[in-house]
Amino acid sequence: MGLFILRRSGVMIITALCLTFIVFFLTNLYPNLEKLAKTEGNFRMSDEAVASWLEKNGYAQPIAVKYGQWLGVVPGWTRTEDGTVTGRCLDGGVSPEVAADAPRYCGIIQGDWGYSTRFKTEVGEIIETRLGNTGYLMMWVLILMVPSALIIGVLAGMREGSATDRSLSTLSIMTTATPEYVSGVIFIAVFASSTVGLKWFKGTATAAMENPTFENFFLPVLTIALYGMGYIARMTRASMTEVMTAQYIRTARLKGVSFPNIVLKHALRNALIAPFTVIMLQFPWLLNGVVIVESLFNYKGFGWALVEAASNNDIELLLAVSVVSVVVVLLTQLISDIGYIFLNPRIRIS
Amino acid sequence: MDPLTWTGALAFLNPIYQIALLLLAAAIVIWMVMSILSAGTRQVANADGTVTLAGNPQAMASLGVRFAFLAVAALSLAYLLLGLVMNTGAGIVGAMSRQLLPTWVALVVLFGLSISFKRRLGLYGKLFDSPIGMIGFGLVMFWVFTGIFAAADLIATHDPLAQVSGMKNKVPGTPLRGAEDGEYAWYLLGGDNLARDVFSRMVKGAWEVLKYAPLATLFAFMVGITLGLPAGYYGGRLDTVLSFLANLILAFPVILLFYLLVTPEIVATGLPQFMAVVLFAFPMVFCGVLIHSRFRTQPNKDYMWLALVLVPMFLLYMSLINARGSKIDFWPLDFFDIPGGVLVVFVSVVFVNSPTVFRIVRGLALDIKTRDYVAAAQTRGERPWYIMLWEILPNVRGPLIVDFCLRIGYTTILLGTLGFFGLGLPPESPDWGSTINDGRKLLSIYLHPALPPAVALMSLVLGLNLLADGLREESLKD
Chain A
1 MGLFILRRSG VMIITALCLT FIVFFLTNLY PNLEKLAKTE GNFRMSDEAV ASWLEKNGYA
61 QPIAVKYGQW LGVVPGWTRT EDGTVTGRCL DGGVSPEVAA DAPRYCGIIQ GDWGYSTRFK
121 TEVGEIIETR LGNTGYLMMW VLILMVPSAL IIGVLAGMRE GSATDRSLST LSIMTTATPE
181 YVSGVIFIAV FASSTVGLKW FKGTATAAME NPTFENFFLP VLTIALYGMG YIARMTRASM
241 TEVMTAQYIR TARLKGVSFP NIVLKHALRN ALIAPFTVIM LQFPWLLNGV VIVESLFNYK
301 GFGWALVEAA SNNDIELLLA VSVVSVVVVL LTQLISDIGY IFLNPRIRIS
Chain B
1001 MDPLTWTGAL AFLNPIYQIA LLLLAAAIVI WMVMSILSAG TRQVANADGT VTLAGNPQAM
1061 ASLGVRFAFL AVAALSLAYL LLGLVMNTGA GIVGAMSRQL LPTWVALVVL FGLSISFKRR
1121 LGLYGKLFDS PIGMIGFGLV MFWVFTGIFA AADLIATHDP LAQVSGMKNK VPGTPLRGAE
1181 DGEYAWYLLG GDNLARDVFS RMVKGAWEVL KYAPLATLFA FMVGITLGLP AGYYGGRLDT
1241 VLSFLANLIL AFPVILLFYL LVTPEIVATG LPQFMAVVLF AFPMVFCGVL IHSRFRTQPN
1301 KDYMWLALVL VPMFLLYMSL INARGSKIDF WPLDFFDIPG GVLVVFVSVV FVNSPTVFRI
1361 VRGLALDIKT RDYVAAAQTR GERPWYIMLW EILPNVRGPL IVDFCLRIGY TTILLGTLGF
1421 FGLGLPPESP DWGSTINDGR KLLSIYLHPA LPPAVALMSL VLGLNLLADG LREESLKD
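Taken in order, these protein sequences are the chains called A and B.
Counting in the numbering used here, the first sequence runs from 1 upward without gaps.
Counting in the numbering used here, the second sequence runs from 1001 upward without gaps.
Just chain A, same shape as in the assembly (with noise of 0.2 Å):
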């Protein structure tokens, strides 16, 4: 067990290398850096104050150089010129005496996530902020998701092709046909909308970034939790289903437990195996839905950031966004592969 988790992670750190690495060359080619340098510079710079503020400012080297310091393995670069040392773990121009003192290392592995060209603060401090508010929202959104669409599938799944099966079927069919930017604006128009709708929520989140209220909160957590809601009932439908056709379950029927205990007691502990990996493996595309609802909403977390850094070419953020969400699904996926090993004493990982 403890090797197969160690091999799980070493997997999962190469994976992660090769996914930043893929993000860092696609964002360090040369007309993207071009653009960087015309918009931190000026826009008229001609072709050769584009070469020269991108050997000024680091970004000439060669990728892999590049790579390694952004990663914190290679010693940062700096530049002498005029008696003033710039440098990757400088801050501005510095006399040779304090760049003397600074740390040679700064990359992700110190702890030093870069300096967003966008919103012109630290990396560090923009993730922990809007992943905090995207955390909030996830957090509602995993409250609403998970429990309602675990009991349609159960009571979906119970009795199978009777009138509740296939009222909630259609129900989830629907909900999976209907992707997020769909249904938050037919919420909006039904539920937000000025003119004609109900006018019971807010068509917008950004109130609720300080003050997150059921009015101004529960469209977008509803608009992301419905689309992952479908899916994951169907499959906890398509268990449950499996379930009570098991040998156990007839067994029990026949020593006549009643109908309620044979679902809560035999069955659902075993149908809820299968759910448990759908709804780990659900993260990566709740963090699509998420990107979309933020900018739809006007949500301003971690979804918003990423929109935001890659409009900008903001390379540093985008290049923290990408790790960000990859060691999230990443690890989703490890936890649904050990989760699944505990909860199904049928698999042994020898």
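Worth flagging that the hints you see were computed from the coordinates, not collected in a lab.
Heads up, the beta-carbon is just placed ideally off N, CA and C, and yes, glycines get one too.
Any given hint could turn out to be false.
Which chain B residues face chain A? A few, computed with CB under 8 Å, are given here [stated by the list, open to error]:
#: 1; residue: TRP1031
#: 2; residue: VAL1072
#: 3; residue: PRO1253
#: 4; residue: ALA1268
#: 5; residue: LEU1366
#: 6; residue: ASP1367
#: 7; residue: ILE1413
#: 8; residue: PHE1420
#: 9; residue: ARG1440
#: 10; residue: LEU1442
#: 11; residue: LEU1443
#: 12; residue: ALA1450
Based on these hints, arrange chain B on the given structure of chain A.
Same frame as chain A, now just chain B:
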């Protein structure tokens, strides 16, 4: 010209329709509650505390559902049919129904023919045995026909890009000021924030979706099958490497990938084109191997078929990847150029979809390769690729067809997502995602520009999901 109301002269039907809808909703709720309460017994507790055994309330409730549903369906049909006859006299609904006349005709013909010959049509014919599958197929074909006829300019009332002064954000049914002869006199679903006709944009958008989604899915399947079969069949190191790559792409947040690939700077480096070179080669590889593995022992037939299939495909392939003034520009026989943005969208959608297909095919191949008929083929000395493509692949077609339907829906959602973030497709393109994105900015004041494309996208994806469900149900029966 007067503004149109929603139902015009048929307004007397509205209260009846509302009652029927309410009845249907109530009947469904009662039906569901009954099925939970009357668990396997005919004994049901009444509200006054007595117990009755007479009749089966569940059967009665389901009868109620059926009648209410029939009433709703009949009334909906009445709106549409009377609309066909009365045109704008029956309001916006009638006028739209009239505009969609080619679609209705095509649907009726298709369903009529399919149902009368369904016993001879294999799995497709069996689809017409399942109501769910029929509803799904109907929804999908509705949008397919609408898209095709809209592309042939039979449905749209106006040019989807034309802006008419005074029509900005106007509500549905607003008449055009000073409409000329031969010009449609109303904006049936209103105008958007650039004074374009929402109805025309919606039906044209159907074509945009139909152009890309099925083709992108097909390419993803080619890639997934060509890589997934050997990974599952051979196993070993090949499997490890390919699975690692697939997991790598799957762990990537889709939106981040799109943002990275679709920016003009990346397009300028030619990266999407190089990806296209790799991804679009897979259909050729697939077809080549498919033919060669079959006719390996009959060289004449082999060369004939290979030439017949591969030469046109190669020409198409070269025209696809070759574009004037881009990084890949050396091939003289370039029949057509794909606009840069469209190619990028296409490539990224294929790229994101293929790892999932790979995993499905790999899993299926792992399962099937232990079967006896595979062992028999191995014993008679067939080559591995023959076994993979002619023994294993035909036997996994059921799950693959089902997944194909689901995946077209998913691709549609992805394309919408791209449009929603304004990535790739040209900004004035009438595709549904872009239209929703345009409409959402003024959503709390003007609903009509965003709602029609949203509902359209939802119904198409719902149709594909139901179709997949119907196919799964029918293919499991034998």
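Cross-check of the supplied hints:
no.	hint	in the structure
1	TRP1031	5 Å, holds
2	VAL1072	15 Å, violated
3	PRO1253	5 Å, holds
4	ALA1268	5 Å, holds
5	LEU1366	16 Å, violated
6	ASP1367	17 Å, violated
7	ILE1413	4 Å, holds
8	PHE1420	5 Å, holds
9	ARG1440	6 Å, holds
10	LEU1442	10 Å, violated
11	LEU1443	5 Å, holds
12	ALA1450	5 Å, holds
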